[in-house]
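Protein chains: 2
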Amino acid sequence: MREGQVIERLRRIASAPEARGLVDDVAVLDGLVVTHDTIVEGVHFFPFDPPASVGWKLAAVNLSDIAAKGAKPAGALLSLTISGGGDWEMEFLNGLEAACESYRLPLIGGDTVGLPERAPRVLGLTVLARASGVVPSRATAQPGDNLWLVGTVGDAAAGLAQLRDDSRASGALVEVYRRPVPQLAAGEALAPVAHAMMDVSDGLLLDTLRMAQASGCTANIDLAALPLSAAFIAERGQSVEQRIFAATGGDDYALLAALPAETDPLSLSLPSGTTIARVGTMTAGSPDVRLTDGVVPIRLPEVLGFEHRGNPASPVADRP
Amino acid sequence: MREGQVIERLRRIASAPEARGLVDDVAVLDGLVVTHDTIVEGVHFFPFDPPASVGWKLAAVNLSDIAAKGAKPAGALLSLTISGGGDWEMEFLNGLEAACESYRLPLIGGDTVGLPERAPRVLGLTVLARASGVVPSRATAQPGDNLWLVGTVGDAAAGLAQLRDDSRASGALVEVYRRPVPQLAAGEALAPVAHAMMDVSDGLLLDTLRMAQASGCTANIDLAALPLSAAFIAERGQSVEQRIFAATGGDDYALLAALPAETDPLSLSLPSGTTIARVGTMTAGSPDVRLTDGVVPIRLPEVLGFEHRGNPASPVADRP
Chain B
1 MREGQVIERL
11 RRIASAPEAR
21 GLVDDVAVLD
31 GLVVTHDTIV
41 EGVHFFPFDP
51 PASVGWKLAA
61 VNLSDIAAKG
71 AKPAGALLSL
81 TISGGGDWEM
91 EFLNGLEAAC
101 ESYRLPLIGG
111 DTVGLPERAP
121 RVLGLTVLAR
131 ASGVVPSRAT
141 AQPGDNLWLV
151 GTVGDAAAGL
161 AQLRDDSRAS
171 GALVEVYRRP
181 VPQLAAGEAL
191 APVAHAMMDV
201 SDGLLLDTLR
211 MAQASGCTAN
221 IDLAALPLSA
231 AFIAERGQSV
241 EQRIFAATGG
251 DDYALLAALP
261 AETDPLSLSL
271 PSGTTIARVG
281 TMTAGSPDVR
291 LTDGVVPIRL
301 PEVLGFEHRG
311 NPASPVADRP
Chain C
321 MREGQVIERL
331 RRIASAPEAR
341 GLVDDVAVLD
351 GLVVTHDTIV
361 EGVHFFPFDP
371 PASVGWKLAA
381 VNLSDIAAKG
391 AKPAGALLSL
401 TISGGGDWEM
411 EFLNGLEAAC
421 ESYRLPLIGG
431 DTVGLPERAP
441 RVLGLTVLAR
451 ASGVVPSRAT
461 AQPGDNLWLV
471 GTVGDAAAGL
481 AQLRDDSRAS
491 GALVEVYRRP
501 VPQLAAGEAL
511 APVAHAMMDV
521 SDGLLLDTLR
531 MAQASGCTAN
541 IDLAALPLSA
551 AFIAERGQSV
561 EQRIFAATGG
571 DDYALLAALP
581 AETDPLSLSL
591 PSGTTIARVG
601 TMTAGSPDVR
611 LTDGVVPIRL
621 PEVLGFEHRG
631 NPASPVADRP
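Protein chains in written order, with my numbering: chain B, 1 to 320; chain C, 321 to 640.
With the rest of the complex left out, here is chain B:
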């Protein structure tokens, strides 16, 4: 028995159309877009991470799913385990509240539960958001679409690598890993024109493969076009090897949008300062990802991202 079988079983249970086959990170019910993410201490975050950053991140990763559907945050329900004296949880709530205030996400309910001693914390958040018209699926990209990426990739993975080397690491990359920024405004601007959209949380190549598989197209990604941040380049350079690292690292919370070829997203009202880059195309063909560096074909790496589950950034080497 493997986890994959459990997930297959879940898919068979979730046969209602609102579930979107459990492949779209969100459900859509009565005009509301609903998503839930759970994070586990020692799996998705380090025990030594500042609790406020864990609270921020839990909100941000859910809001990233909402951003990819062009929806407006409407309410959140928190599942909060409480252990020890509660100090950790109070700091966690500071970070959660900061994210909720930043993105106008009212906390409207949830549950608090105690934990047996020494049990790892498990934190869940359900976010409800109001759809603003179309809710783009990941399954409706079309041959001829351009693939656009909002945000940079690789920063969070680079920050995570720094933390693995030294738990006291700090700086811009660690900050991106700990406090991702959901691309809500960009998502809202792109949703009406996107054929397909999803957030990039498990690694660009893996998430692109998922869009290609769901849509029945071939995705072509040009590593040379990847938007890398100055901090990433300063830390790791921009060799092909590092670009592959960035394209498979995960935890980016960027947006991947398949737009019709004639659509220029720069003509849309994106927030000023939005990083957006055309990183590839969809073409007719087998549902797969093909990789180039400019025009030079590159062999696809063995690992495209975090396959294991929806919420990827495992800080521990031997994830369960």
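Honestly, the hints are just simulated from the structure, not real lab data. Just so you know, not all the hints are guaranteed correct.
Unchecked claim - Listing some non-contacts, in silico: residues in chain C with all C-beta distances to chain B over 10 angstroms:
no., residue
1, Ser335
2, Pro440
3, Gly444
4, Ser490
5, Gly536
6, Phe565
7, Glu582
As the list claims (entries may be wrong) - Example chain C residues on the side facing chain B (calculated, C-beta under 7 angstroms, incomplete):
no., residue
8, Val433
9, Thr446
10, Ser592
11, Val623
Since we're looking at a predicted model, the values are computed, not measured. Just so it is clear, CB atoms sit at the ideal spot from N, CA and C, and this is done for glycine as well.
Using the hints provided, position chain C relative to the given structure of chain B.
For chain C alone, kept in the frame of chain B given last:
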């Protein structure tokens, strides 16, 4: 720092009207009633409980909150930890699916996460339901109302006591503890006429106190009027002591409704076989519970129910 402070902090964050002050077990957003319950292995269920019963119960306890608001189940998001080989989880899903099918609750989303080795399972469910008109609060009972109870009390606590004595115990009471039945149809029938309604999950006396405090009335409960099941009476008798046990045991998932004196719920279209009893009244006065056995005043027991958190039935003696 105590758990109470964490919950107070949550209340201050959850200032939006949809949150209902976090005192009503549910949020109400755009016509949807939304609730979330989380259960923890070793806290809310025994490691030796049949996994299918845990799945059933997780759905049922959420649906009980929905029942108390007279709403119709519309969708659920599951947060599922996966540990070991996955066999436990497959059985858990069998029970969850059975409850979802019984109460027409489509599973529409959620998240699966791995756990570190030997970590207790933590299972969460968010349920969305469509409000059918009024969504009764617990805070609007009025002096002069009669307090009606749908369902019996004490069975689950009696079943839990049997399991604590012998983990192989079985029978009707254990079954009620493990597979509670949400009173959805009765809740829907009562919601339009109820001044206030809530589900009884933490003990009748404690939940009645909560309604009294939220409504600013005195609740008067007559122990002699408590509906006890034949199985309960066969196991424990019906002495005042046992009635107090039943009124404080928790995990009943009965409904407590404050109805205007002139309303006879037996004239409503309750499902056939519904157990409903007038167990008390609301009167003007301090927000408290007063207890009688018939006309004889009874001193309120020191412990009114499970104070610790929303989801009460801790199978372990020393809950965190």
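Against the structure, the hints:
1. Ser335: Ser335 of chain C not clear of chain B: closest Cβ-Cβ about 8 angstroms, inside 10 angstroms.
2. Pro440: 5 angstroms, violated
3. Gly444: Contrary to the label, Gly444 of chain C does not stay out of reach of chain B, its closest Cβ about 5 angstroms off (not over 10 angstroms).
4. Ser490: At about 26 angstroms from chain B, Ser490 of chain C clears the 10 angstroms cut-off, so the statement holds.
5. Gly536: Correct as stated: the minimum Cβ-Cβ distance to chain B is 23 angstroms, above 10 angstroms.
6. Phe565: 23 angstroms, holds
7. Glu582: It holds; Glu582 of chain C is separated from chain B by about 34 angstroms at its closest Cβ, greater than 10 angstroms.
8. Val433: 5 angstroms, holds
9. Thr446: This hint holds: Thr446 of chain C lies near chain B, its Cβ roughly 4 angstroms from the closest one there, short of 7 angstroms.
10. Ser592: 29 angstroms, violated
11. Val623: 17 angstroms, violated
Hints 1, 2, 3, 10 and 11, counting from the list given before, are not met by this structure.
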